[in-house]
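Student: If you want the building blocks of each chain, they are given just below.
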Amino acid sequence: MADDVMQEIENEVRNNSVMIYMKGNPTFPQCGFSAATVKIFQEIGRPFHTVDVLSSPAKREAIKRYSNWPTIPQVYVRGKFLGGCDIVRELHQRGELERIVDEAFQ
Amino acid sequence: MLDAEHIRHSLTTAFPGAQVLVEDSTGTGDHFAVTVVSPDFSGKPLVERHQMVYRALAALMPRVHALQLKTVTPGEQ
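Chains W and R supply the protein sequences, listed in that same order. For what it's worth, our numbering labels the leading residue of the first sequence as 1, then goes sequentially. For what it's worth, our numbering labels the leading residue of the second sequence as 1, then goes sequentially.
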């Protein structure tokens, strides 16, 4: 069971250029940090996929083990863990995030 | 409920010589804003820096609802 969830995560991060694990969904985020993260990616304007961890307790725990990262949201770009809300914000402020995301679509 | 001093103590133990600033951002003992200034971060990407902080706070994390992190080296300030 646990391995199935890990495999599902592996597929999600590999099959989506930008993958965001969040609380709630982009229309109704359930946490300020998830909301802030999604807003930045909406500004960048490239497509991204999200998973609502609140609707899947197993995935909420599995994603923390997958990334060795204790908090949600978590962002993956091209299968690689990018970081949480603070890192997304910082990369965006430095002007690096847009380049990282653009590269994921080349 | 935690107090900021508890978190500060764990971080100064894990990062000797670091400058550590911890704020209880909501006054409720579960949302904190943390800044760590340490030469240990030198040459490390942000993900790795944050993971170092999370590792240092592993025992406390289950009681923390939100942690806002800033990790810089003395030269980046």
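Do not take every clue at face value.
Stated by the list, open to error - Derived SDA-like pairs (lysine to any residue); straight-line CA-CA distance at most 25 Å:
1. Lys44/R with Asp102/W
2. Lys64/W with Pro74/R
3. Lys80/W with Ser25/R
4. Lys70/R with Arg89/W
5. Lys64/W with Glu76/R
6. Lys64/W with Gly17/R
7. Lys23/W with Gly75/R
8. Lys23/W with Lys70/R
9. Lys23/W with Pro62/R
10. Lys64/W with Gln77/R
11. Lys70/R with Pro29/W
12. Lys64/W with Pro45/R
13. Lys80/W with Ile44/W
14. Lys44/R with Lys23/W
15. Lys39/W with Leu2/R
16. Lys64/W with Gly75/R
17. Lys23/W with Phe15/R
18. Lys23/W with Ala36/W
19. Lys23/W with Ala14/R
Said to hold, decoys possible - From chain R, some residues computed to sit far from chain W (all C-beta separations above 12 Å):
20. His6
21. Thr12
22. Ala14
23. Val20
24. Tyr54
25. Ala58
26. Pro62
27. Thr71
28. Pro74
29. Gly75
Unchecked claim - A short, non-exhaustive set of chain W residues, derived as facing chain R with CB atoms under 8 Å:
30. Phe33
31. Phe81
32. Ile100
Please keep in mind that the hints were generated in silico from the structure rather than gathered at the bench. All residues carry an ideal CB built from backbone N, CA and C; glycine is no exception.
Student: Please go over all the hints and tell whether each is borne out by the structure.
Tutor: Consistency of the hints with the structure:
no.	hint	verdict
1	Lys44/R with Asp102/W	holds, 23 Å
2	Lys64/W with Pro74/R	violated, 30 Å
3	Lys80/W with Ser25/R	violated, 31 Å
4	Lys70/R with Arg89/W	holds, 11 Å
5	Lys64/W with Glu76/R	violated, 29 Å
6	Lys64/W with Gly17/R	violated, 30 Å
7	Lys23/W with Gly75/R	violated, 36 Å
8	Lys23/W with Lys70/R	holds, 22 Å
9	Lys23/W with Pro62/R	holds, 17 Å
10	Lys64/W with Gln77/R	violated, 30 Å
11	Lys70/R with Pro29/W	holds, 24 Å
12	Lys64/W with Pro45/R	holds, 19 Å
13	Lys80/W with Ile44/W	holds, 19 Å
14	Lys44/R with Lys23/W	violated, 28 Å
15	Lys39/W with Leu2/R	violated, 30 Å
16	Lys64/W with Gly75/R	violated, 31 Å
17	Lys23/W with Phe15/R	violated, 31 Å
18	Lys23/W with Ala36/W	holds, 11 Å
19	Lys23/W with Ala14/R	violated, 30 Å
20	His6	holds, 17 Å
21	Thr12	holds, 20 Å
22	Ala14	holds, 15 Å
23	Val20	holds, 16 Å
24	Tyr54	violated, 5 Å
25	Ala58	violated, 8 Å
26	Pro62	violated, 9 Å
27	Thr71	violated, 9 Å
28	Pro74	holds, 18 Å
29	Gly75	holds, 16 Å
30	Phe33	holds, 7 Å
31	Phe81	holds, 6 Å
32	Ile100	violated, 12 Å
Hints 2, 3, 5, 6, 7, 10, 14, 15, 16, 17, 19, 24, 25, 26, 27, 32, counting from the list given before, are not met by this structure.
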